[in-house]
Each structure stands twice: as structure tokens, then as C-alpha cells.
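Colleague: Please take these sequences and the hints and turn them into a complete structure.
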Amino acid sequence: MRRQKARCHCCGAHAVIEKTAWKTDQFADVYYRCTRLECGHTWVMNLTYSHTLVPSGLENGVLKLLIERMRPEEKQMALELLQAG
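The sequence shown maps to residues 1 to 85 in UniProt numbering.
Hints were generated in silico from the structure; no laboratory data involved. One or more of the hints may lead you astray.
To be verified - Estimated spans, in silico, between C-beta atoms of each pair: (1) Val-16 - Met-70: 48 to 54 Å; (2) Gln-26 - Ile-67: 45 to 51 Å; (3) Thr-35 - Gln-83: 16 to 22 Å; (4) Leu-65 - Glu-18: 41 to 47 Å; (5) Leu-81 - Tyr-49: 43 to 49 Å; (6) Trp-22 - Gly-61: 37 to 43 Å; (7) Cys-11 - Ser-50: 25 to 31 Å; (8) Leu-66 - His-14: 48 to 54 Å; (9) Leu-66 - Lys-19: 57 to 63 Å; (10) Ile-67 - Trp-43: 47 to 53 Å; (11) Glu-18 - Glu-59: 31 to 37 Å; (12) Arg-69 - Ala-13: 55 to 61 Å.
Source: prediction; values computed, not measured. Cβ coordinates follow ideal geometry from the N, Cα and C atoms, glycine included.
Modeller: Rendered as C-alpha cells:
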């Protein structure tokens, strides 16, 4: 997993995340600290969910269950319909 990187806008040094306070499952306050001791700037940035790029495979559980319960000829017919459409 990639780590979020930030720079201090006061001195340009790297910053580290001190803590993350989740307000909802899609919004958080992220607390940063400048790593340059002489600067010492601390600040809060907002992290928010924007949009989905690839839907979760976990949300397709119902569809998978239905397909697993189909007879082989029903699965074949469903496959042909999907390929035609």
C-alpha cells in the first residue's frame, strides 16, 4: 500500500501524519507535522471520498449466488445473452 505524502507549505520539508480522525466512513481530518525541527508547523488536511473507479467484487455476492444455483443450460443461456448484448 502506498503512503500518502505531503510537504510543509511553510518550508517545503516532508511531513508526517500524526493522526487521522474519521468523521464519517468517507471523510476524515488528517493531522500533519513538518519533519524540519526548526519549522515545527502542524496542520490539518481533509481526506474525502470522491468516486469509484472499479466496483467492489464483494457487492456481487448475490449475483454470484444466483449464478451458482443455475442449471448448466441456464448458465449457458445467460452467457450467450451477456455476450450478445
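Colleague: Can the suggested window of 45 to 51 Å be confirmed for the beta-carbon pair Gln-26 and Ile-67?
Modeller: 31 Å, violated
Colleague: How does the Cβ-Cβ distance of Trp-22 and Gly-61 compare with 37 to 43 Å: does it lie in that range?
Modeller: 26 Å, violated
Colleague: Given a hinted range of 55 to 61 Å, is it respected by the beta-carbon distance of Arg-69 and Ala-13?
Modeller: 59 Å, holds
Colleague: Is 48 to 54 Å respected by the C-beta to C-beta distance linking Leu-66 and His-14?
Modeller: 50 Å, holds
Colleague: Take a look at whether the Cβ-Cβ distance between Cys-11 and Ser-50 falls inside 25 to 31 Å.
Modeller: 29 Å, holds
Colleague: The hint says 57 to 63 Å between Leu-66 and Lys-19; measuring C-beta to C-beta, is that right?
Modeller: 44 Å, violated
Colleague: Just to be sure I understand the hint, the distance between the Cβ atoms of Thr-35 and Gln-83 should be within 16 to 22 Å; is that true here?
Modeller: Distance hint for Thr-35, Gln-83 is violated at roughly 55 Å.
Colleague: Please test the hint of 31 to 37 Å on the beta carbon pair from Glu-18 and Glu-59.
Modeller: Holds, since Glu-18 and Glu-59 (Cβ atoms, about 34 Å apart) stay within the stated range.
Colleague: Is the hinted range of 48 to 54 Å satisfied by the C-beta distance from Val-16 to Met-70?
Modeller: 52 Å, holds
Colleague: CB of Leu-81 to CB of Tyr-49, is that within 43 to 49 Å?
Modeller: With Cβ atoms ~34 Å apart, the hint is violated.
Colleague: In this structure, is the beta-carbon distance linking Leu-65 and Glu-18 contained in 41 to 47 Å?
Modeller: This hint holds: roughly 44 Å between Cβ atoms.
Colleague: Cβ-Cβ distance between Ile-67 and Trp-43: within 47 to 53 Å?
Modeller: 50 Å, holds
When held up to the earlier numbered hints, the structure conflicts with 2, 3, 5, 6 and 9 and fits the remainder.
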